[in-house]
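> Sequence:
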Amino acid sequence: MAKSSGGLTKWFKEDWVDIGSKKKGGGYAKCGRTKQKKDAKRKYPKCVPRAKANAMSKGQIKSAVTRKRANPMSKVKTIANKKGKKK
Numbered sequence: 003m004a005k006s007s008g009g010l011t012k013w014f015k016e017d018w019v020d021i022g023s024k025k026k027g028g029g030y031a032k033c034g035r036t037k038q039k040k041d042a043k044r045k046y047p048k049c050v051p052r053a054k055a056n057a058m059s060k061g062q063i064k065s066a067v068t069r070k071r072a073n074p075m076s077k078v079k080t081i082a083n084k085k086g087k088k089k
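First residue of the sequence shown? That's 3 in the numbering used here, and the numbers climb one at a time after it.
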């Protein structure tokens, strides 16, 4: 059986960057957050592969980051939410 070069193998090998965090000299910061302090409110990272980030326009980047940071927890579905609550 031949090894696949797509899927998760490709996903892990890609260079992921945070398009919401631009460096001063150009380029993007690495994806993810380091050492989240409880009192510090760092914004949610919007991570994409570097190749995709370079292909996106400024408007597309702004739109993607805005959607991500709008209310990221509102999109989380739980079993309790699916069953519905009595009002």
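Calculated from the structure, these hints are not laboratory results. Accuracy of the hints is not assured; some may be wrong.
[To be verified] Below 20 Å or equal to it, Euclidean Cα-Cα: the simulated SDA-like pairs (lysine to any residue) are:
id, residue 1, residue 2
1, K26, A72
2, K26, K48
3, K24, G34
4, K25, R52
5, K64, R52
[What the hints assert, rightly or not] Per label pair, the in silico range of CB-to-CB distance:
id, residue 1, residue 2, range
6, T11, N73, 31 to 41 Å
7, K64, K26, 12 to 22 Å
8, T11, A72, 29 to 39 Å
9, G28, G61, 10 to 20 Å
10, F14, R35, 28 to 38 Å
11, K45, G8, 14 to 24 Å
Just so you know, even glycine gets a beta-carbon here, dropped at the ideal spot from N, CA and C.
> All hints, please: hold or fail.
Checked hints:
1. K26 / A72: Violated, because 25 Å separates the two Cα atoms, which is more than 20 Å.
2. K26 / K48: holds, 18 Å
3. K24 / G34: Measuring from Cα to Cα gives roughly 13 Å; hence the hint holds.
4. K25 / R52: holds, 14 Å
5. K64 / R52: holds, 16 Å
6. T11 / N73: 31 to 41 Å: holds, 33 Å
7. K64 / K26: 12 to 22 Å: Between K64 and K26, where Cβ atoms are some 18 Å apart, the hint holds.
8. T11 / A72: 29 to 39 Å: Given a distance of about 32 Å, which is inside 29 to 39 Å, the answer is holds.
9. G28 / G61: 10 to 20 Å: The hinted range 10 to 20 Å holds for G28 and G61, with Cβ atoms some 19 Å apart.
10. F14 / R35: 28 to 38 Å: Violated: the Cβ-Cβ distance is about 19 Å, outside 28 to 38 Å.
11. K45 / G8: 14 to 24 Å: violated, 31 Å
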